[in-house]
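K.L.:
Which chain is which? The protein sequence lines are A and B, in order. Mapping of the first sequence onto our numbering: residues 646 to 1057, in sequence order. Mapping of the second sequence onto our numbering: residues 9 to 501, in sequence order.
In case anyone wonders, no lab produced these hints; they're calculated from the structure. Only a predicted model underlies this, so the values are computations on that prediction, with no experimental measurement involved. Take these hints with a grain of salt, some might be off.
Stated by the list, open to error - Capping the alpha-carbon separation at 27 Å, the derived lysine-lysine pairs in DSS-like fashion look like this:
| hint | chain 1 | residue 1 | chain 2 | residue 2 |
| --- | --- | --- | --- | --- |
| 1 | A | Lys845 | B | Lys465 |
| 2 | B | Lys182 | B | Lys224 |
| 3 | A | Lys829 | B | Lys224 |
| 4 | A | Lys863 | B | Lys58 |
| 5 | B | Lys182 | A | Lys805 |
Each chain, written out:
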Amino acid sequence: MGTYVPLWVKSNHSFLEGASFPEELVERAHALGLPAVAITDRDGVYGLVRAHMRAKELGIRIVTGAQFTVGIDGNAHHVVALAKTRRGYADLCRALSLGHARCEKGVSLVTSADLEQTREVFFLCATPTALRVLHASHGPSSLFALCARHLTDCEKPREKALRSVARELDVQTVGANEVLYHHKLRRPLQDVLACIRGGKVLSEAGHTICANAEHDLKPTDEFDRLFADDPACLRRTIDIAEQCAFSLDDLRYRYPEEHLPSGRNEQGWLRELTFRGARARYQGKVPGDVRMQVERELQIIRKLDYGGYFLTMYEIVQYCRQQSILCQGRGSAANSAVCFCLGITAIDPVRMDLLFERFLSVERAEPPDIDLDIEHDRREEVIQHVYEKYGRRHAAMVANIFVTASAPQCVT
Amino acid sequence: MKRVCCVLLPMLPLQILLRKKPHWNGVPVAVVDDDGPNGRITHLNALARKSRLRIGMRQTVARDLLPNLHTAVVSPEEASEVSRELITSLQTFSPRVEAIDHAGAFHIDPEGLRRLYGGYRNWATSIHRYLRARHWRNSVTVGFHRHRALAVAMTHSGVTIPESADEEREQSNKTPLGEFDLPGELYESLGALGIETLGDFLVLPAGELHSRFGAKASALHDSFAEDMQLPIQPHAFDEPARISFQVDPPDKDQNRLLFAIKGALHSLLHQVRARGEAIQSLQLSLHLERAPLHQEHIESASPTLDLMLVLELIRLRLGEVSLQGAVEEVELLANTVRARPEQVALPGHQPRRDMSAAHRALDRIRAAYGEHSVTRARIREAHLPEASFRWEPIQHARLGEQSTSTPVSSMVRRVYARPKALPPRKPREPEAGPTLAKNHIIEHMYGPYRVSGGWWKRLVERDYYYAETDHGDLLWLFYDRPRKRWFLHGVLD
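Could you put together the complete structure from these sequences and hints?
P.N.:
Set out below in structure tokens:
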């Protein structure tokens, strides 16, 4: 059983800083016998999902968090935030969104005011200034002074000053090193990444790269030796990890409620629109097999609580029709009789004997994916309509990132 | 709140005795007040104390208990002489030093020196090392209250700097009453009441102490009162500042004499400045060849440390007189007074630099040693110490920018151009520690501070340590992990 939990761990999703995949960090933590490992990527929660999936397989806990860049008096301070509960995770993500919305792409800077409403979160401050500021807004109970020991000569005076302020504010200390890679062997890669980020060559890197290879995930005995003078600050990492009970498993799909006519619920309104569309499609006489198929699909949609999604797609298609913008559903949505009746797709899946489960099934429990092809030179009109109707905070553009699965094979 | 420093050399008479008789180290030793059989023990070393000997015991009784006991008297004159020497030594760290009524204890005023040394700790550590290098066991406390600082020094070895008056109070309260020179009867009476520490003693009501326990107890209690702290009464410098030099061959030319006096005057002013004083007046004595002594008294309008001003006054005075013979010897005797703080500021803080003279000097060096012989260090951003600067030739000297911030530390790390390999030791592992030259032992190691990198060229992995030797030297060492060997990379002073 490990005697500490690493609480400041950055994966390679901390772009050009972390040098190990989230899975590698989780696997190493498991191999070292650590009870849990935090994933605290820089200004985001990017590596969490991959770490969470691998941790579930290995039976190790993930402490959910992020490393915030907090602007105080014109200087940037690093503060590690760890979510205790679902509410804490929501607050943490909200603060991150505020930080990103304020800055240019790829950078985030939150203010102490952004963090004031953040509850159910532990803050680990590495600088006296950040400690004082967050103490003023959060008090000592959710605050810790983060003592990092990477064996550099500037750390001792820094830690002394931090401990002095922590004593003054009655804040407890916690020991955690900044982990950038799961094993020391990744240090060269981390140096290269840091150089790319800093725009320097290795021979001129200077302080752009770390002074030594102490940013690895350390075995318990080594970490115990490092903090032999204050074992309590290591025990506290375990207490913190135990109190951070939030897991990504606690999240579930919750589609925003649609704007509904008064007196209607989501499912009832979807049913009404579907049969209204079916009557239009089949000239007033809905065939029995179609009715059966529609009923079956509506049942599955209700069971999986996806009604709102279908209503949103219907609304967008309706808008296109009203504005005479060509639009057509495609892909697996064509297998749905409901989509056909709502006018989203143009192929009758019952007549074509298409399998609905290819689109949506209870067993797969995956969210439905309705692709709409929209007239390309009028696509912007639809985008603006979506922003206008649902609000800028509830609509976003999505991009795909293609990852070459076997990168090493590309190098010849 | 003003600070006060207490330097304590515990059991000074015993230390004096052991310095006189170093071969007595390792045997039971006692200092007695008289050589005769009725002489009483005043100080004991640990070995003698282990053999149940006690202070106040008669020599005959002690010898019965411990036949191989070595005893000797340390006369008050001897102790005073050593105390005077110590005061003179301590005056190099502060002009305000006071020997107090406790053997081996001195109070020193640290005010005004923090900036010079980069903090109280550096200053106090310098004193501690200075004394230890001269084989004086000592402890230094920079506290807030004269007597509390002494009490802390009695129980804390090395350098102690309480953060606050409360912390000092807390530390001093733990001092056992046995550390104070209390009469045996008083000590026993207090012990019977369970009063064993200073803290226990100080909570007793002051009013009743005198009538119940006598004047000694009352005086001790009063000395720790917060509002009865006397300022330091500095020991006056014994010797007046003076300097003399021979003129060979004897000379009467005033210009040449003034030039020679200028050099001596510079040294004299340095001496006076180090005492924290300034020259009020100067007595110039000129020993003449085959003529009586010629003396002049020169006095400035106000105390000064200005070399050119004093020299100008001498020039004007000598211009007025006609010497009856050639001068064989010149003697300058300064009458000094306490200087204002700005007068004792370091010369380096008063920029008075002749850049054209600097350029001329550099030109001469270049002419003699080659075009690239004059270089300056340029700081580079790097983790490896030797890569963190590079030497580059310069053509012109430039005034350095003076930092306005308070220096963090005044210690200077002198780095060797090439790290010196230390003698190998088996097993050659860091735990085995480095081996130094003969007679030098490392007492404390601070570190490691790890520097590694350069894997793209040649892997470097070093564990740096600061090492403190028994001679008081501070060394900067590293253990080269790939080569499994210790190196000396620099020294601190």
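K.L.:
Taking the hints in turn, state whether each one holds.
P.N.:
A quick look at each hint next to the structure:
Taking the CA atoms of Lys845 (chain A) and Lys465 (chain B), the gap is near 16 Å; set against the 27 Å cutoff, the hint holds. Taking the CA atoms of Lys182 (chain B) and Lys224 (chain B), the gap is about 20 Å. The hint holds against a cut of 27 Å. Between Lys829 (chain A) and Lys224 (chain B), the direct Cα distance comes to roughly 67 Å. Violation of the 27 Å bound is thereby established for this hinted pair. Distance check on the hinted pair: Lys863 (chain A) and Lys58 (chain B) sit about 48 Å apart at the alpha-carbon level, beyond 27 Å; violated.
For the suggested pair Lys182 (chain B) and Lys805 (chain A), the alpha carbons sit about 25 Å apart, so the restraint of at most 27 Å is met.
The structure fails to meet hints 3 and 4 from the earlier list, while all remaining hints are met.
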